[in-house]
Every structure is written in structure tokens, then in C-alpha cells.
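*Asks:* One-letter residues, chain by chain:
2 protein chains.
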Amino acid sequence: MADKKLVEEITSMEEDFAQWYTDVVKKADLMSYSSVKGCMIFKPAGYALWENIQHELDKRFKATGVENVYLPMFIPESLLEKEKDHVEGFAPEVAWVTHGGLEPLQERMCVRPTSETLFCDFYKGEIQSYRDLPKVYNQWCSVVRWEKETRPFLRSREFLWQEGHTAHATAEDAEARTQQMLNVYADFLEDFLAIPVIKGRKTDKEKFAGAEATYTIEALMHDGKALQSGTSHNFGDGFARAFGIQYTDKDNTLKYVHQTSWGMTTRLIGALIMVHGDNSGLVLPPKIAPTQVMIVPIMQRKEGVLDKANELLGRLSKVARAKLDSTDKSPGFKFAEQEMRGIPLRVEMGPRDIEANQAVIVRRDTGEKITVSLDDIESKVSELLETIQKDMLERARAHRDAHTTVATNYEEFKDAVNNKPGFIKAMWCGDRACEDKIKEDTTATSRCMPFNQEHLSDVCVCCGKKATKMVYWGKAY
Amino acid sequence: MADKKLVEEITSMEEDFAQWYTDVVKKADLMSYSSVKGCMIFKPAGYALWENIQHELDKRFKATGVENVYLPMFIPESLLEKEKDHVEGFAPEVAWVTHGGLEPLQERMCVRPTSETLFCDFYKGEIQSYRDLPKVYNQWCSVVRWEKETRPFLRSREFLWQEGHTAHATAEDAEARTQQMLNVYADFLEDFLAIPVIKGRKTDKEKFAGAEATYTIEALMHDGKALQSGTSHNFGDGFARAFGIQYTDKDNTLKYVHQTSWGMTTRLIGALIMVHGDNSGLVLPPKIAPTQVMIVPIMQRKEGVLDKANELLGRLSKVARAKLDSTDKSPGFKFAEQEMRGIPLRVEMGPRDIEANQAVIVRRDTGEKITVSLDDIESKVSELLETIQKDMLERARAHRDAHTTVATNYEEFKDAVNNKPGFIKAMWCGDRACEDKIKEDTTATSRCMPFNQEHLSDVCVCCGKKATKMVYWGKAY
Chain A
10 MADKKLVEEI
20 TSMEEDFAQW
30 YTDVVKKADL
40 MSYSSVKGCM
50 IFKPAGYALW
60 ENIQHELDKR
70 FKATGVENVY
80 LPMFIPESLL
90 EKEKDHVEGF
100 APEVAWVTHG
110 GLEPLQERMC
120 VRPTSETLFC
130 DFYKGEIQSY
140 RDLPKVYNQW
150 CSVVRWEKET
160 RPFLRSREFL
170 WQEGHTAHAT
180 AEDAEARTQQ
190 MLNVYADFLE
200 DFLAIPVIKG
210 RKTDKEKFAG
220 AEATYTIEAL
230 MHDGKALQSG
240 TSHNFGDGFA
250 RAFGIQYTDK
260 DNTLKYVHQT
270 SWGMTTRLIG
280 ALIMVHGDNS
290 GLVLPPKIAP
300 TQVMIVPIMQ
310 RKEGVLDKAN
320 ELLGRLSKVA
330 RAKLDSTDKS
340 PGFKFAEQEM
350 RGIPLRVEMG
360 PRDIEANQAV
370 IVRRDTGEKI
380 TVSLDDIESK
390 VSELLETIQK
400 DMLERARAHR
410 DAHTTVATNY
420 EEFKDAVNNK
430 PGFIKAMWCG
440 DRACEDKIKE
450 DTTATSRCMP
460 FNQEHLSDVC
470 VCCGKKATKM
480 VYWGKAY
Chain B
10 MADKKLVEEI
20 TSMEEDFAQW
30 YTDVVKKADL
40 MSYSSVKGCM
50 IFKPAGYALW
60 ENIQHELDKR
70 FKATGVENVY
80 LPMFIPESLL
90 EKEKDHVEGF
100 APEVAWVTHG
110 GLEPLQERMC
120 VRPTSETLFC
130 DFYKGEIQSY
140 RDLPKVYNQW
150 CSVVRWEKET
160 RPFLRSREFL
170 WQEGHTAHAT
180 AEDAEARTQQ
190 MLNVYADFLE
200 DFLAIPVIKG
210 RKTDKEKFAG
220 AEATYTIEAL
230 MHDGKALQSG
240 TSHNFGDGFA
250 RAFGIQYTDK
260 DNTLKYVHQT
270 SWGMTTRLIG
280 ALIMVHGDNS
290 GLVLPPKIAP
300 TQVMIVPIMQ
310 RKEGVLDKAN
320 ELLGRLSKVA
330 RAKLDSTDKS
340 PGFKFAEQEM
350 RGIPLRVEMG
360 PRDIEANQAV
370 IVRRDTGEKI
380 TVSLDDIESK
390 VSELLETIQK
400 DMLERARAHR
410 DAHTTVATNY
420 EEFKDAVNNK
430 PGFIKAMWCG
440 DRACEDKIKE
450 DTTATSRCMP
460 FNQEHLSDVC
470 VCCGKKATKM
480 VYWGKAY
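These protein sequence lines are chains A and B, in that order. Following the working numbering from start to finish, the first sequence increments by one per residue and tops out at 486. Following the working numbering from start to finish, the second sequence increments by one per residue and tops out at 486.
Just so you know, these hints were derived from the structure itself, not from any lab. It cannot be assumed that every hint is accurate.
Note that identical chains are pooled: a pair holds if it fits in a single copy or bridges any two copies.
In silico SDA-like cross-links for lysine to any residue, where the CA-CA straight-line distance does not exceed 20 Å [stated by the list, open to error]:
| # | residue 1 | residue 2 |
| --- | --- | --- |
| 1 | Lys68 | Ala57 |
| 2 | Lys68 | Pro299 |
| 3 | Lys423 | Asp200 |
| 4 | Lys71 | Trp59 |
| 5 | Lys234 | Pro360 |
| 6 | Lys434 | Pro340 |
| 7 | Lys71 | Lys216 |
Work out the full structure: start from the sequences and follow the hints.
*Replies:* Set out below in C-alpha cells:
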């Protein structure tokens, strides 16, 4: 049976989550490996997810005054080196271009791993007066980081992302923009991807190379590991001082600008898969699903069935992104394929349904079958898509809450890491030494100091000294 | 006067067209030079043009069944070398990556100058059966070609483009797709950018490295030079043989696929500027203009003027992409800025207009001033935008036709090159030697063998032997 084969080839997530993930990205036709080690190919089904993410995020960015630009993909070595922490963070993992055509370059250049240095160099020429501020620019592009170990969507040597880079007159304006964009990210994940997140600040150990503060949104995957899903950095005036970006203020004095940057990447596609997927494959929230409804005719060779299916397609296309699978595959194979690809709703309709003026709608997220009258099937489909979007967020939230453990001492902490996959909430003294020890002992890292602080105990879960912060910890992708 | 200054700094196009171009791209705030030699920065006003091009073209592509993908930006040297003509064409102008992080690569890789070889490598794994065909994929990305001389938008070491790559079962299918995409390009230029084009085939000398046939659309700039604005290539089975891309046909025999590729780039922005611009700056066709209407209030500090202008903005925003310039600049400066940026319509409204229930609309393309009643200003604005789009295409077509010369002998040909800037239509024997001689003698190149052939004379304009084709010639960007 072809239909069974398609599903049987997926490892179950309980058996081997990593293998399940690899199986799903391949079987749902999202990606392909390439001849370039560590770089992947986004196939149409995978790229369509990124297009939808891009379209929606871009709209939300523009609503906050963001303008798009495009800067070169190369960074001369001397430019990369201008900010000390930044170059230390990135130099070990960049790809170097040494020749242009047949000749060696006078100065080698790296392919951008991120573009802070290019934006600083650009802003230096663009900003003279307070009238030139703020600059709120973003670019959609690919970046390269020479990772040793790679996994589709989660970590690859080249990935797609957006990077926003802003310059402001005051520290307050920069901080406000940093937080504003983190909120845009969080709302986008919850509303569009149905992924609930924890918002917070990274510890100094985990912050971005060159940043004064890094804010993050952290999501919990089905296997209990955390995924950093978007970050927003406040640079203060550090880069401005390194690059000499100054403006004349209203009071006629020369001041340094304050800068931010913020980014989201194609790893969001990995998050989608690992938060919502199941043992039949991908499960897509309706808002991002390139196809929301797949109509599968039953006994399609019987006279009138395909005509009726086409008529239904016309009607449903007015309320949803609908498709009709009229290929000569068996219905069972079509069902398995639609499930594998995570299409939110399947509509089955055969001769007997037509006679009874009805169709059977099957929810991808729950498997629930609903027989509906053809008379008002449009409104039923619209309603179900909204319900699924809401239910998926609620289920993901319930899963996360059920996989969040409070630890008040180190024994509880270690027990949680070993036996309760998920987030661990625990108090921390603020010392890097405790973070290092926890990572060494358990492989768990600090995910963030959440904005919503709770007082779980008075002392650090690791050293027992006075606690200063409640921290989310976890194993992470 | 600040307003005059903005304009005075533009060189007139009659005086020095190249300098006029450079002035416009800078003054209209489209781009900025970067620290990376030969690479440019797309500023918001420039990138917005590309976004609009991308959005519209992508919609037209998808209507013909194109699916978007994303392939790596790197090509291993051994992969680039697989197709002989192709590597010869591109190897001299690629950027080479030799180090990843701190270590030298085992095999160096170039940054893609174009992705035929990557798509072939990809398709080899994806295509087994006739059921897998056709593949009609496209990607939006940046590419790198290590040019010696660069000019903003027209020729830079990195540029943005789309590249479509398709694989088909038969030679006929490949040829049909090659022509279909050329037509998509031509329609897009005429309809959206208001740029008329000549459709035709490139001579063997001018065709793409590795192609069996290259089709092109050629546009004429205001200075009489030609700009190749989009190309579509039929590869036959040449790449398929070099890469071993075969499929099992219905008759159970193994066959090579037939392939095409087609691309358009950010040089279209250069075309827009050079076809429509004037001595006051950019002139944008309404369909592509990011802002279509700029409202400039007169005596805006007078009570009620800004309120009324905001009310008008609300109304016009329903029918067009409208903005209100309520900054504290003088109206004259605002006019000059709106003209420089090529915004199709300006709406001026001061206290006396308000009293008379009217506003003054000024067309950017003609300078014509039209006093209209506020009662039906929306419909007047819609109508004018349509008229401008149509008129701009007609004017560009008239300019091209007035700058197309027929040459029936070599004296006429040389006279035309020297004294009549524009296209030259002339017969050709088909020999490469004549093309070479014409280029050496005059710097003019064959632009294309148009699909609409005319019989101008019996003999080749250069050698006097029997002519086989009518060719468009010209100096080109």
C-alpha cells in the first residue's frame, strides 16, 4: 500500500526525535541536501513557508516605520575588525573571499555573518544631524556562518533571515525600539505561527557579540528542548564609538548615536515543525499554511464527482487557499500526502456524499471528522481554520506549561534536566561561574531572564548564595 | 534658495548624460556607494522600486506555474567546471572563497555568478521519471560578478535578480517555456514600467555561455544607447548531458531533459531612470511608484490647512499610494524634492484653494497644472494616474521610433552610429566576422535578431554578401 509506505517511513518521535525531524523535512518535501557541505536547498514547499513568514513579518515591520534596504554581502576584513567583541565573536566562523576573478584581492573580505559593521559604515556617512534620526532600516538576505555541525533549517552554513539595524538620538529611543521589535516578534510567533514564547533578557554570557543587552524569545519544542526564536539587541553607543557615528544635536553639540539590531531566521521553520508536527508528519497552523484546504474526491472516475469537486474548489477558494487533488493516486495515498504536508483541512467527497448534499471535513491537528452540508460549507471551513489556529496555540501553550519545572535546589535541578524534558525555572545569583558549572554538569544553558520575574526562593540554585534573578534554563537547539 | 539648489546640482542630460545619471541616483536618494569596491547600497527609495518589481513579476511568474526555491550561494569549483562553455564564460569574473573560519577549504568555491550548475546538480537528484517533469523553479537572490568597471544599478559586482531554471521532457516544451518567459518579461516592461521593448534572438556571439539560443528584450535609453533588459535561454540538452540529468519516459526509455533559464535584474532600475527621467530628476510610472501622490499644503501654518490636507490624504489613500509632506521645509523645496523623486502627481492646496473647494494637481511627467474640485478629486487622481502610465509608454515608444535608423550600406551605418544615437536596423549575412568588424569599427554591437523581421535589402550591411537576417544594432550599456 503506497499510502502506508509514505507514513511508515517516518520514525516515530517517541522513538527518535532527531530522526523523526529529519524524516519529516524530507518526506514533506521541504528541503534537499546540496553538493555544498552544510548548505541546504529550500524546495518549493519549504520556501513557501519562508515567503509567508517574510510577507507577514514585513507588513508588521512596515507598520512600525521600518524601511527596507540592501547592503553588500561582503565585509572587508578591516571593517569587521573595528568593534573588538564583535570580531572575536564572528571571525572564527566566517567564509573568506580571497580572489576576484583571476587576481588575488588586496584585502580579503568575508561573506557577511551579520551586517552590523556594514550598517555602521553606511550610517557614518548618512547621519550628520538630529534631523537624520532615527534610521530604522531592515534587510532580507542570506548570511553565512561556517558551522561544524549542521541540521536542516536549524543550523546551516548559509541561512535566510532579516536583520534590522537602527540608529537613534538617545539611549531611551534605542531601548524602546529594541523592546518594540521583540514584541513584534513575540506577537508574530503567537498569532501567526501559533507558538507561545517566553520573553526575556539574555545573561551576559549568552548575549550577542558587541551588544549591551540582548532580548530573546524562547520557544519549547515537542521534545522539551528550547529554541531561541528571535533576538533583539541594544548596542548602546558601543558601535557608534568604534565607528565614529556622531550627530549634531539641537543644542549644537556632537553626540554618539545609540543603535539596535534584531533578527529572525529560517530556523522558525524548524520551530514550526518541532512544535506542531506529529507522527503523520507536518502540522501547519492555518495562517501560515500555503495550502489550507485539500479537496480529495472519492471514486473520482464516477460521473459527476470531479465536476462537483471542481465546483467546490471554486467556492472554497473564495474563503481559503484551497486545492483539489485530482491526480490518479489512490485516496489513501492522497490522505497520507496531505497529512505529511500538514495541510490543515481535508475535504472528502464521493458519490454518496454528493447524493446526500454533504462532504466530510477532516482536521489535520486532531483527526476529527465532521460531516457538513454543502449548503454552508464555506462558513464551516472558515470557522474551522480559525478554531484550528486557536487550538494549536493553546495546545502548544499547555505542552510548554506541562513541561516547565520549578527547581529550588541543585538536586531538583539535575533531576529535572535528566528526567523532565522542558524548561526549568530556577533562581540565580548572577555569577557567570554558576552558569558555566550548570552547563558543564548538565548541558543546560540559561535561556533568558524572563520579563515576568517570579520569586521561587532566596538563593541561587547552584551556589546557594543570594539570588538576584529568576532564570529559564534548558537544553537548547 | 534651498529648492533651487537641489535641482541646480543635477547636470543636465544634454550636457553630460552619464553625469546626469549619477546625479539623479544620488539626489533621488536611490543608492549610496559602499566600502566594498564595486558594490552598492540600495537605499529605501531604491530598494522600494526593486520590491515593487519583485512583487509584480513574482505574481506574473506564479500565474504561469513557477514555484520559488532557494539554492546555496556557493558553487564548488568542480561543479562550475562541468559544462565547458559555461565555465569559460564565467570563471574569469567570479569571487573565490578559499577559507571557512580559520581553515582552508579542501576545494575552493565561487560565489554564484548564476546558478545553472547548482540547479543541474539539484535536478539530477530530483528527476527520475516523466512524472517529475516539468520542473519550473525560480529563485530571488543576489549574484556576484567581478566586473572591472561598475555603475550604480547598471553594472555592479553584486546585484539582485531572479533566475528561473526549468527542466522539460521535450525540446518543444523547453522552447515554449523560453518564449513564454520572454513574453512575460516584455509585457511586464511595457505594462508596468512603461518601457517598450524589441523582442528577438541574440546572435551566437552574444548568447549566454552554454545556451543553444538566447532570447532578449532590448530597450532604448534616452541617450540612444540600448539596454538589454531581460534574457531567456534555451539550453537544449547540453547541460543535461554534461550533468547526466535523465528521466524514464512513458515508453520506458531513458532520455535527457531539456532546460531553460531566464533572468531579470536590478538594472531595470537603471532602465527606468534612463528611459523616463528628465532634468528635474526621476520620473516614475504610476504603477511602480512607491508614492503616487504627494500632497503639499501651501501656507500650512494657517488655521485649517493641515486639517484639510490630512482629510484629503485620507480620501486619496483609498485610491492611490498617497503621502502628505507636512515638514517645515518651504513649498518650493517640497516641490523640487517630489520632482526629484519622480512622484507622478503633486497636489497643492492652500487657504484660497480650500475656500474655493479646489486643489491644484501637477503632473510630474508633463508639468501640466490642473485645477480640480475637491468634490470628485479621487476619481480625477485615479484617472490621471492611468493617463500618465499610458502617456509615458507612448512617449517612450515615440522616442524609440524616432531614434531608430535604417542603414542599407556601411556608410549609412557608420553615419548613423556617429550622428544618430539610437537603434540601427540593418541586414546581416550571419557571419561572426562582420559582427566583429562592426564592433571594432563603430563600438556598436548586435542587440538582437528581432522576431518581427523586415526585408530592408538583399545584402549584408557590412560585407555585401547575401543577407540572412535583419538585426538591431546599437551602442549598449
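*Asks:* Each hint: holds or not?
*Replies:* So, going through the hints one by one against the coordinates:
1. Proximity of Lys68 to Ala57 under the C-alpha cut-off of 20 Å is found in both arrangements, the shortest distances being 17 Å within a copy and 14 Å between copies.
2. Taking the shortest alpha-carbon separations for Lys68 and Pro299, both the intra-copy value of 17 Å and the inter-copy value of 15 Å come in at or below 20 Å.
3. Neither within a single protomer nor between protomers do Lys423 and Asp200 lie at most 20 Å apart by alpha-carbon distance, with minima of 34 Å and 66 Å respectively.
4. In this homomeric assembly, Lys71 and Trp59 come within 20 Å of each other (Cα to Cα) both inside a single copy, at 18 Å, and across copies, at 16 Å.
5. In this assembly of identical chains, Lys234 and Pro360 lie within 20 Å of each other by CA distance neither inside one copy nor across copies; the values are 47 Å within and 65 Å between.
6. In this assembly of identical chains, Lys434 and Pro340 lie within 20 Å of each other by CA distance neither inside one copy nor across copies; the values are 47 Å within and 60 Å between.
7. Proximity of Lys71 and Lys216 under a CA criterion of 20 Å is satisfied in neither setting, with 27 Å inside one chain copy and 41 Å between copies.
Hints 3, 5, 6, 7 from the earlier list are contradicted by this structure; the remaining hints agree with it.
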